[in-house]
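S.K.: Read off the chains here:
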Amino acid sequence: METKTDAKPKQPMMENGPYLEKFERFEKGAKGPAWVLAARKAGISHFTELGFPTLQDEDWRFTNVAPIAKRPFEPVVEPTRDAVAAKALNQFTFAGLSGSRIVFVNGHFAPELSSVAKLADGVKVMSLAGALASDTALVEKHLFRHARADANAFTALNTAFFQDGAFICVPAGKAVAEPIQILYVSTAKDNGTTAHPRNLIVAERGSQVTIVESYASLRDAADFTNSVTELVAGDNAAVEHLKFQDESQQAFHIATVAAHFGRASNVVTHSIALGAKLSRTNIYATLAGEGLECILNGLYLTRGEQLADHYMIVEHAQPHGASHEYFNGILADKSKGVFHGRILVRPGAQKTDAKQTNKNLLLSDDATANTKPQLEIYADDVKCTHGATIGQLDDESIFYLRTRGIALEKARRMLIHAFAGEIIDRIRCEPVREELDKLVWERLEQNEQVALNP
Amino acid sequence: MTQPILAIQNLSAGVEGRQILKGINLVIRPGEAHAVMGPNGSGKSTLASILAGRDGYNITGGEAIYCGKDLLELDPEERAREGLFLAFQYPVEIPGVNSTYFLKAAYNEIRKHRGQPELDAMEYLTFVKERMKILNVPEDFLKRPVNHGFSGGEKKRNEIFQMAVLEPKLAILDETDSGLDIDALKIVAIGVNKLKRPANAQLVITHYQRLLNFIVPDFVHMLYDGRIVRSGGKELALELEETGYELMVNRAAVPA
Ligand SMILES: Nc1ncnc2c1ncn2[C@@H]1O[C@H](COP(=O)(O)OP(=O)(O)O)[C@@H](O)[C@H]1O
Ligand SMILES: [Mg+2]
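Chains as they are written, first to last, in the numbering used here: chain E, 1 to 454; chain W, 1001 to 1256.
In short, the hints are calculated from the structure, not lab data.
Each hint should be verified, as a subset may be incorrect.
[What the hints assert, rightly or not] Pulled from the structure, derived: some chain W residues nowhere near chain E, Cβ distances all over 10 Å:
| no. | residue |
| --- | --- |
| 1 | A1007 |
| 2 | K1069 |
| 3 | E1077 |
| 4 | A1105 |
| 5 | E1109 |
| 6 | M1132 |
| 7 | N1136 |
| 8 | P1138 |
[To be verified] If you want the footprint, here are the derived chain W segments under chain E, 3+ residues with CB under 8 Å:
| no. | segment |
| --- | --- |
| 9 | 1044-1058 |
| 10 | 1079-1090 |
Quick reminder that beta carbons are idealized off the backbone N, C-alpha and C, glycines included.
Chain W extracted, bound-state conformation:
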């Protein structure tokens, strides 16, 4: 079997005085799309943050192996250069940092890490324009400071645009769908699907089943109180939505 892109084993983590993740197990292989669903506060963003390398969490047990490497040992920028990408649930506004400059710097860091030469200004521009077109991103996104003054929907779309430029091996989308109207949602989904490659994988975190009509997952996991309590195919998402998280948990708790 091919090496997994991500293998999380019994991962437990928390913040001071509080356990948030209580033994997560999850294996993601090339070509797969996984969805993680769960109620608010179940630990979805915490999982995404820890994978991306956010400070401030204590890892109390378990491990996360990314393409054979100990992910938790790497700095956030090293993870990014190794192809991990997090689309933030709440992207940060960074006034004063020019988007064009920022994205080009990020892109070149990643290329450099892959041993590819930097693109010259023209080549880069052509490439970025093509990505903008795929995602229907307005030109002025690049002229404004990073996310500065963007609406909620624009911020989410900007995350997907960055993802399209940086071409990650593992894309983690943290509730990219929330706050989007159906048209915006479709654009996000089209982007995600167009950029899907057999060697890459996606971890789509969502609160609603809606997005999964457009991004069809191979596996669905239900996160509840820091644990994956159910896993299944794409039909699990529908079941979850119909039954509701609470009931599902109760069912899960009762041995069949």
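Chain E extracted, bound-state conformation:
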């Protein structure tokens, strides 16, 4: 059943006022080049214009962000002196991965927790704040160019307030064999703290890289993460990007991945949403060159009263592009999954091959899934397909497994795991895939809901 829409008109001034004030204070202390400051100012003015979205916004029909809008979230301006022991990070998924890792605590770079492996010449793995000082020209070429502050209030807010984030750049023709990890850890004890992480990932022409961008919490608090990642894949680049969100069950998580793909590039992005009370991941992918192939892959696993929302715009701007979106949701208890997938084929983007599938598995009668495909096609020689399903575990399959001696709970878990496996199997980086597979299996084992609704 759908939530009733809140009929109250939006009151942007009431909600935005505190942010404006905060910005004025923040602006005074903000460091960095003038062009960054200009972008910040533009960001706050876009935010003031746009206001927080409401259920009346077509793109936010199923996800009510009023809890974020109503609460005066405080950005964590200074790094918390709440030192995180390196050991504490071992509990997180992907802790055992080899390769470089850069860590942020409440949005601030934590060099003592980060380690950068020996990398090919010119490969940069560092904090964005650092890069703004040391590699200004390189950063300026890409930063703010892909994530549009004028189209999304949260991106606008991030642009105005971001403190730091990861900067990764792989120069033309270079390959980084081991995955590079970006880890965001929240230590918020109190409700209402905010981080606006800002990442810039540039894989130049013909380069190869795998990036794992994780968000995790050390404590259980209603904090707010509003991240923006700009991902640029140059011509012929091969990129695998995995965003992994496993924050506390009380957290609010809004994220944007704005990606730009060059000619003949090959990009796979994955979005795995396990945590947060409310999460929304916007993925804007622009297929900007000819003959490229991208896969947008995602899995959301929710329980309790969690909501996981994925909103995608895949824009085919050039001919001979292939985009495949695969999103599976597994929804238990009273949780809710939302998928909104828009495919936009620009005039002239002939021979586009765009495919979208969203499958939802409801583990309880109280879980809901909303799925909305949207095709906007301005070229005539294209192949666009979409399909969505919302269903329950197949009784016949469960019965079959049970007749072989496998207990009901295990049979259910095997089937749920298989459903998740459709997505997980698309992860190319083996250690990442294996760890995620193990994790999902463990989560299913823990999830007592699994035993209900035979």
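Use these hints to put chain W with the ligands onto chain E, whose structure you have.
M.R.: Frame of chain E; chain W with the ligands shown alone:
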């Protein structure tokens, strides 16, 4: 006399608003092979399903005692662990569930229930390979997801293969022969016969007499409209095939 493996007494069952089984009586003892024949819709699969524990049927009367236990009280997995096996008429495709993993999980559950230790990976592999060889099962059966993309014949053969691995006390084969060509049929029959043990029993449900040339039953029962209307030795199968079910029923109805 030894305890029967299965004793069904006056079993009646149906689905909402409809009676399908109308008082079945059947006793199966160790070492015996029973065949149940009958026209489409007579209730053969319903009987098999109820014995295996499928949901959705109302048991309106009678009982089924399996090795001294009230079978109908047990969950499907408990029945399987107690040695009951159903080869499905329509095996389910389960994409994403790896066959090797599935079969090993099933095998170990059953061993555990019998108080036997789990086999280690090597021992298990040796055992499974031997079973595959008996049944001429291609290696890739284990590499594919359970029944996924299998042809009708491959699915049936996979059922028999699973049976060979799980070594049931009572194997119920629901029309395992239909859809098989003669060579496949022979392989199935060879498998069934090779795995026959004095302590075990088989309930072979079939529409045609053909299979019974290879799996020779000790008893043949004719199921018609939810009742066993005739029982006899293996010659009954031939008679049924020659005379046809309808005529046989009419004959059965007329007291001799
Ligand atoms: N779950 C069910 N719901 C409704 N009707 C059923 C169900 N299962 C079986 N039947 C009906 O019961 C009768 C017997 O079916 P079945 O046992 O499959 O026969 P057989 O295997 O002998 O061909 C058929 O008329 C069938 O339509
Ligand atoms: Mg049948």
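S.K.: For every hint, state whether the structure bears it out.
M.R.: Cross-check of the supplied hints:
The claim that A1007(W) is not at the interface with chain E holds, since no C-beta of that chain comes within 10 Å of its own (minimum 21 Å). Residue placement check: K1069(W) keeps its beta carbon more than 10 Å from all beta carbons of chain E (closest about 16 Å). At roughly 5 Å from the closest C-beta of chain E, the C-beta of E1077(W) falls inside 10 Å, breaking its exclusion from the interface. Against the 10 Å criterion, A1105(W) falls within the reach of chain E, whose nearest CB is about 6 Å from its own CB.
The claim that E1109(W) is not at the interface with chain E is violated, since a C-beta of that chain comes within 10 Å of its own (minimum 4 Å). No Cβ of chain E comes within 10 Å of the Cβ of M1132(W); the nearest lies about 17 Å off, and the non-interface call holds. At roughly 21 Å from the closest C-beta of chain E, the C-beta of N1136(W) stays outside 10 Å, upholding its exclusion from the interface. With a cut of 10 Å on Cβ distances, P1138(W) stays outside the contact zone with chain E, its closest approach being about 20 Å.
For the segment 1044-1058 of chain W, the assignment as covered by chain E holds, since 4 residues bring a beta-carbon within under 8 Å of that chain's beta-carbons and 3 suffice. Counting residues of the segment 1079-1090 of chain W whose CB falls under 8 Å from any CB of chain E gives 6; the rule of at least 3 is met.
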